Amino acid sequence: MVYDLHTTKAKGTVATAEVQEVHASNRTQVTYDYVSLRVPMPDGSVLTRERLSLPHGVVPPLEEKETLTVRVAPDARRSVVVTEPIKATPVVDTQIRIAGINALMSLGAALLFGVAIWFWNRSLRREGDPAQRGVKEPDSDHPARQVVR
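If you count the sequence shown from 1, position 66 lands on 66 in the numbering used here, and the numbers rise without skipping.
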């Protein structure tokens with residue numbers, strides 16, 4: 001996603017989009033905020049994007065705007081990116097930053113999970129199954145074997 005956003009930002013055509021609808025949820029737990037845009041293209045065609053998802057933090061400043069600066073690459077996977085600045089930072093840069101951070105967190109979690117599995121498998125190889133270690137016969141006095149009446 002980071003690559004797609006950056007590609008459209010770098011290679012897209014600058015255009016001014018008319019804002020059709022802005023949806024901002026009042027709950028930060030529900031982060032599905034979006035904007036619907038109508039983009040008149042330089043060749044005379046019109047590109048319409050319904051429900052273009054945006055991060056929750058960038059939508060409130062866009063609510064009062066009637067037009068937004070965008071970059072358009074019709075053949076790209078992300079055909080429209082919003083380059084309208086909010087406090088000197090374009091919206092697409094915020095999206096790229098958030099997507100990059102999410103990717104890094106996912107990579108970190110995957111690495112941590114992989115290391116944990118590697119250590120667990122090494123432990124099983126060296127010491128055997130912990131459920132079977134040192135057990136000669138079932139313990140009839142163990143609380144899990146007690147019947148409650």
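Hints were generated in silico from the structure; no laboratory data involved.
A portion of the hints provided could be inaccurate.
Stated by the list, open to error - Listed below are the simulated EDC-like cross-link pairs for lysine to aspartate or glutamate, each with C-alpha atoms no more than 16 Å apart in a straight line:
#1 87 x 63
#2 65 x 137
#3 87 x 64
#4 65 x 129
#5 11 x 50
#6 65 x 84
#7 11 x 137
To be verified - Distance windows between CB atoms, simulated:
#8 63 x 114: 54 to 64 Å
#9 44 x 24: 31 to 41 Å
#10 146 x 98: 33 to 43 Å
#11 106 x 29: 33 to 43 Å
#12 106 x 137: 38 to 48 Å
#13 21 x 41: 17 to 27 Å
#14 63 x 129: 21 to 31 Å
#15 64 x 106: 29 to 39 Å
#16 1 x 125: 54 to 64 Å
#17 139 x 56: 46 to 56 Å
#18 127 x 4: 44 to 54 Å
Given the structure is predicted, the values throughout are model-derived calculations rather than measurements.
Where is the CB? At the ideal position from N, CA and C, for every residue including glycine.
Now for the hints, and whether the structure bears them out:
{"no.": "1", "hint": "87 x 63", "verdict": "holds (15 Å)"}
{"no.": "2", "hint": "65 x 137", "verdict": "violated (75 Å)"}
{"no.": "3", "hint": "87 x 64", "verdict": "holds (15 Å)"}
{"no.": "4", "hint": "65 x 129", "verdict": "violated (63 Å)"}
{"no.": "5", "hint": "11 x 50", "verdict": "violated (22 Å)"}
{"no.": "6", "hint": "65 x 84", "verdict": "holds (10 Å)"}
{"no.": "7", "hint": "11 x 137", "verdict": "violated (71 Å)"}
{"no.": "8", "hint": "63 x 114: 54 to 64 Å", "verdict": "violated (43 Å)"}
{"no.": "9", "hint": "44 x 24: 31 to 41 Å", "verdict": "holds (32 Å)"}
{"no.": "10", "hint": "146 x 98: 33 to 43 Å", "verdict": "violated (53 Å)"}
{"no.": "11", "hint": "106 x 29: 33 to 43 Å", "verdict": "violated (20 Å)"}
{"no.": "12", "hint": "106 x 137: 38 to 48 Å", "verdict": "holds (46 Å)"}
{"no.": "13", "hint": "21 x 41: 17 to 27 Å", "verdict": "holds (20 Å)"}
{"no.": "14", "hint": "63 x 129: 21 to 31 Å", "verdict": "violated (59 Å)"}
{"no.": "15", "hint": "64 x 106: 29 to 39 Å", "verdict": "holds (35 Å)"}
{"no.": "16", "hint": "1 x 125: 54 to 64 Å", "verdict": "violated (39 Å)"}
{"no.": "17", "hint": "139 x 56: 46 to 56 Å", "verdict": "holds (54 Å)"}
{"no.": "18", "hint": "127 x 4: 44 to 54 Å", "verdict": "holds (47 Å)"}
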